[in-house]
Amino acid sequence: MGIKSFQGRRAAPVKLESAPILVEDYMTSSLITFKKEQSVAEVMEAMIKNKISGAPVVNDFGELEGVISDGDCMKQISESRYFNMPIGDMKIENYMDDTVAVIDKNLNIFDCAQLFYKHDCRRFPVIEYGKLIGMISRKDILCAALKLRGQNWHC
Numbered sequence: 001m002g003i004k005s006f007q008g009r010r011a012a013p014v015k016l017e018s019a020p021i022l023v024e025d026y027m028t029s030s031l032i033t034f035k036k037e038q039s040v041a042e043v044m045e046a047m048i049k050n051k052i053s054g055a056p057v058v059n060d061f062g063e064l065e066g067v068i069s070d071g072d073c074m075k076q077i078s079e080s081r082y083f084n085m086p087i088g089d090m091k092i093e094n095y096m097d098d099t100v101a102v103i104d105k106n107l108n109i110f111d112c113a114q115l116f117y118k119h120d121c122r123r124f125p126v127i128e129y130g131k132l133i134g135m136i137s138r139k140d141i142l143c144a145a146l147k148l149r150g151q152n153w154h155c
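Here the working numbering is used: position 94 in the sequence shown is 94, and no number is missing along the way.
It is worth saying that the hints were derived from the structure and are not from the lab.
Just so we're clear, the structure is a prediction, and the values are computed from it rather than from any experiment.
Backbone N, C-alpha and C fix where the C-beta goes; we use that ideal spot for every residue, glycine too.
The reader is advised that the hints may include incorrect statements.
[As the list claims (entries may be wrong)] In silico PhoX-like cross-links for lysine-lysine, where the CA-CA straight-line distance does not exceed 25 Å: (1) K35 with K91; (2) K51 with K35; (3) K49 with K35; (4) K91 with K49; (5) K139 with K105; (6) K147 with K118; (7) K51 with K75; (8) K139 with K49; (9) K75 with K49; (10) K35 with K131; (11) K49 with K36.
[Claimed, not checked] Quick list of the computed label-pair ranges, beta carbon to beta carbon: (12) S78 with L115: 25 to 33 Å; (13) L115 with E93: 21 to 29 Å; (14) G130 with R9: 49 to 57 Å; (15) S39 with K118: 29 to 37 Å; (16) L146 with K105: 16 to 24 Å.
With these hints in hand, go ahead and build the complete structure from the sequences.
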């Protein structure tokens, strides 16, 4: 006679859901933005106050017009010293980068990491239907990688 088990019916194995790996899962959506009419001094103060190294420049419709970084502000400081002009009188439209690579929110973070390496930039604006909806930075990708470290990295 065989041995009977009194454990009862076993539950089906639980399939672990994979961790989110899309840009939209790790991007920052509450952004500090600037208008191209703002002065460099005003932007520098906001960057220092908010402890950021750059931010998008948008128009009144929320459309991306460029990105201003601390490096762009440094250029203005350097030029003001050379030409003996006051710091910050210039508008950021003269110093911002208006040829900015943008990405889609549905891009996975591994492809995004490759784009960071390829473009050698610190942040990418995330655009949907022509509007700025977020930013993702190198730091966001590092945080995502740490969260996924124990997971299977297959997409």
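Results of checking the hints against the structure:
no. : hint                       : verdict
1   : K35 with K91               : holds (9 Å)
2   : K51 with K35               : holds (19 Å)
3   : K49 with K35               : holds (17 Å)
4   : K91 with K49               : holds (19 Å)
5   : K139 with K105             : holds (17 Å)
6   : K147 with K118             : holds (23 Å)
7   : K51 with K75               : holds (19 Å)
8   : K139 with K49              : holds (19 Å)
9   : K75 with K49               : holds (20 Å)
10  : K35 with K131              : holds (15 Å)
11  : K49 with K36               : holds (19 Å)
12  : S78 with L115: 25 to 33 Å  : holds (29 Å)
13  : L115 with E93: 21 to 29 Å  : holds (26 Å)
14  : G130 with R9: 49 to 57 Å   : holds (55 Å)
15  : S39 with K118: 29 to 37 Å  : holds (33 Å)
16  : L146 with K105: 16 to 24 Å : holds (21 Å)
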